[in-house]
Structures are given as structure tokens and as C-alpha cells.
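Chains as they are written, first to last, in this note's numbering: chain Y, 1 to 348; chain Z, 1 to 261.
One or more hints might be untrue.
[Claimed, not checked] Quick list of the computed label-pair ranges, beta carbon to beta carbon:
1) Z:119 to Y:292: 48 to 56 Å
2) Y:292 to Z:73: 19 to 27 Å
3) Y:146 to Z:57: 29 to 37 Å
4) Y:202 to Z:154: 31 to 39 Å
[To be verified] Just so you have them, the derived chain Y footprint on chain Z, three or more residues with Cβ under 8 Å:
5) 84-91
6) 96-106
Since the hints were made in silico from the structure, they are not lab data.
From the three backbone atoms N, C-alpha and C, an ideal C-beta is built for every residue, glycine too.
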Amino acid sequence: MSFLKKPKTCVFLLFIFVLLLSILGALQKGAFPIHTEVWLSLLTGEHPLFKSSQNGDIYILWYLRIPRVMLAVLMGAALGLAGTLVQGLFRNPLADPSLLGVTTGAASAAALTIVFCSGDRIAMFGMAKIWILPIMSFLGAFLTCMTLNVSSKWLASGSISGLLLLGIALNALGVSIIGLCTYLATDEQLRNLSFWTLGSLAGANWTMVVMMWLMLVIVYVCSSRLSPRLNALSLGEVTAAHLGIVVSRLRWSISVMVALLAGLSVAFCGVIGFIGLIAPHLARAVIGADQRVLLPLSMLMGALLMLTADTIARTIVIPAEVPVGIFTALLGSPFLIVLLRTRRHRIG
Amino acid sequence: MTMLRLDAVVKKLGRHSLGPYSLCIQHNECVAIVGPNGAGKSTLLKLMSGTYRANTGRIIFNHRPLDCWTSQALSEKRAVLSQFQEFAFALPARIVIGLGRVARNTDPDHHQIVSQAAGLLGLTHHLDQTIDTLSGGELARVHLARVVAQLWDVEHGFILMDEPMAAVDPGCQDFLLETLMGFARLRKHAVIAVMHDLNHALRYFNRLVLVHPTGKLEIVTSGQEAKNALEHLFKVRLSCLKDEQGDLVMLPLRGQRQRTG
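Take these sequences, add in the hints, and give me the full structure.
Set out below in C-alpha cells:
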């Protein structure tokens, strides 16, 4: 067991173990508590897909609880990864897709789609949610990323406050577009819209889980190949270019990845902020700033945070539930203020 | 044999333009760029490193225009140490040194090269420290080690440096310059550095490129004969001495700066 002697491997094993325990815990909690023997019976083949008799417990577990918990884990991992990539891209530890307006950009594109792009609105909605919304939110997120990319060039390089101010402007633009959509929307559309602005995992199903999983695997594989380059980018764009990196190409690929992650997560779950800010910070505190290990650990951290937040959100006022976006914001805003305080000498 | 050639290179920065610069640098040659503040030393270096593109004129490296080299191919032949170093995240020194080799497709000896480069610059005990905990001089050494690691296993490359000794204490400066020049000689690299310390320039470099504020480049071999040109360039009188080891030392004389305009 020589690999256990490496402290970094131990950290990963520890966090994977904690995540697995949390998943098991989260599966049992809920408006309808499910006991251990029920989910154990899933393993022994008493599966709703194999059995025609619909046992209530198993139905809830298989079609509601498991997809929801899985989506929470995947969403958290996606947000953690997106946050780390954005921080690496802008060489700025205070960057986050939601602070910079990337998620709002995706949400406003989704809102525009809901309100303007459906003829027979409700009938189309079921199918559209799977394909059109993710594509549109990806485009919205990508557009925001490119705007940030272009304008961060004429901002002072590496300026934290400049980037955050730009994020405020883009956020305001996105929020106003969402506001306009709310104003123009019908009652039915309005309910869908509020889902996007608050952020919730309540709509989880297996299709979402599979799509999220695929996208996460693809983006993770691509981004981990670029992680040494992200390390080089932390020395500055000029130095990175001297080290043989085509900085513009790197910026493009990272932007596409962030837009994919932010776009799909917004399309499925709405705007959930701050996970992308907190997860990389915690991960960096545990394992250091090397992007090669930081990327996977931020994903684990994000998954843990998201799972905890979502489990609290759906159990705190049983039988109702609170949108998880509210929880992450409650957690995240004080965190951001503390970060601003500790880093005040670098702001400006 | 010419390695790097500048043909009437002009760079426009805002309203004023610098140049035209013409210069030939041979393989395995050490050239110091000296000149008064604002004369365009850093600009000249940035033109050679490819950070700035020339408005007119050509820069040829190994018989090919510098623009035609891919970023990756160039990084295997030339390393650059900028005047100011920045870092966004507190990476360990080991990784920063290793970044010199980040563009290599395959790099089987990576760890060995990193520790050898660190050992060369006396950083063996700082490898696991994060760079935000290092002193200015140690940080400068980390970046020097990065440059050394970048060109560790190639020959006939070139190293560009902009005031590499600015943050280093006097006790360490000679050790670092000697080490660096020894490394460059061994691998037949050329070294081109902007130097503020005339005596370092005289002691460790074969030739001096004097950058005049008018845009003229004057090339002198380092030694006694450089005295007149340097006096003219800096508008001071220099006194030439020999130190205990017989090395040439030039010191500006007090109160002898000639007023201009």
C-alpha cells in the first residue's frame, strides 16, 4: 500500500469516503424517510425496473431520491470545477461564475427561451427542457465569458476589483433581461421562471443525471489535460507565452468549458451561486494551489457542499422545501465578505 | 555563426518610436544591454523575446523569422526572465520551476531536471515552500531555476533576462551570475541580459550593447576600451580600477555628471 504514504492520496481517499457517507445519509433523509433495508434491497435485485409491482418506498427511492442526490453531487462537482477554472482563467481567487455574471447570463438566455421561443408553450416545454434550454443557456454563458475575456484585457491585468465590477455590470444586465421576461411572461411561464432565478434541484430525473454525468466527465478530462497550463497562466500571460503556451487558445478552451458547465447546470437547476467560489477556496486550503490536484478536489468539495445544502433545503421544512439557491447564498455571502477582508491588501 | 539577427527593427510605442535597431548575436555569446533609464533597453529585450512585434524590420532566429516560430518550438530554444514577476496563486517552488517545461509534449526526466536546476541555484531546501513565503531574492532564484530548467536538455538556445539581479543581495549576485553563465557555456546557449550594474556587465559578458536614447545601438567589447563609450552614454566620468583579483572595475566619479540641455 505504498500509495497510502502520499499525503495527497490520503486526502482524496478521505474526501471520497466522506462524500460516500454523505450520499448514504442523504438517501435516507427526506419528507418520506427511507430505511436502510429498502435501499439495500435495490442491490439485491428488487428493482422497480425488474418488478412490475410498484412498491412505494422503492419508487420514491429510485425515481425521486436517488436522481436528486446524484444530481446534487454532480451539480456541486460541476460548480466546483467551473469555479476553479474561472479563478485560474482570470488569475483571480475571487472569481466565480455567479459573481461574474456567467450563470446570470445563462439564466437570462434560458428565460428568453422560455418566454419567446415556444409556440405551444406547455406542450413543447417537456422536450425543450432537455435540449433547447441547455443549448441556449450554454450560449448565454459563453457570450458572458467572451465578454469578460475581451474586457478583462483592457482592465488592468489581474485586477480583482476591476473584474468584480465588470461582473456586477454583467449581472445587472442579466437580471434586467430576466426581469423583462418576468414582466412579459404568462402565469405558467412565470412559475418556470422563478425556478430559474432561485435555483432548485426539485426537478431532478435520470435524464438530467446522465447528461450531467457525461458532460462532467468530458469537461473534467479536457480540463485536467490543461491544468499544467493553468498553473503557468498563474505566472501571468506574458510569462505563460514565454513558456510556450498559446494563451488565446487556452482562454478560449477554458471559456467553452466553463460555459458548458454553467450552461447545463443553470438549464437543469437554475442559478445556484457561491458553490463555485467556496469549493476552490476550501480545496486550496487543504491541498495547495497546484491546479492538477486542485481541480479534482474542488469537484469533491463542491459535491459535498451542494449535497449538504440540498439535503438541508429539502428537509428543513418538511413536507415543503426551500430552494437550495437561497441556502448557498446564505452560506456564501458571509464567506465572500470574509474573503474580501482577508485579501484586502491585494484588492485594487 | 549568427543565431539572432535584428534587421532595422522599429517599434512604435504610443507617439514615439524606438529604433531602428540592427544587431547580430552569435551562438554561445553573452551580451549585456546597458543604457540610461527610458532608452529602450526593455523594449529591445521584449522585441527579441517576441512579446512585442516589430512595426517594421525583421528579427531572424536560426535562419527563420521569429514570427514563424510556433510558441512551443520557440519555448524549447529560448527562455525569458521578465523584469517583474507576478503570481496569482501560491504554488510550491517545485511546480514553478517545473513550469519551465510545461510545453514539452513528453518530459520523462521532469522531476530529475527540476531538482537539478534547483540544486544548481541553491534551492534544494526551498522546493516544497510556496512562493508567497519566499523572500524577494529566493523568488528571483526560483525564476532563474525555471529558466534553467526550460533549457536544461537542449543546446544552442538563448536566454533573455531583464535585470535578473535586481532583487538579489550582493553576496549572492556573483554566485548566481557565475552559475548561470557556466550553465549557458556548457549548453552553448547565448545570454542576452539588461544589466544595470556596469561591473557585472563588464565581468560576465563578452560584449555590451549600448542603447542610446536617440535609438542608436553601439556595440563594444567589454573591457578597458568600453570606458569612453560608457562615459559618453551615461554622461558621467568613470574611473577605471583593478580589484584584488585583477578584474576591471569602473566607478562613476562624484559630481561629474554632465548636464544636458
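Hints, one by one, checked against the model:
no.: 1; hint: Z:119 to Y:292: 48 to 56 Å; in the structure: 23 Å, violated
no.: 2; hint: Y:292 to Z:73: 19 to 27 Å; in the structure: 25 Å, holds
no.: 3; hint: Y:146 to Z:57: 29 to 37 Å; in the structure: 34 Å, holds
no.: 4; hint: Y:202 to Z:154: 31 to 39 Å; in the structure: 58 Å, violated
no.: 5; hint: 84-91; in the structure: holds (count 7)
no.: 6; hint: 96-106; in the structure: holds (count 5)
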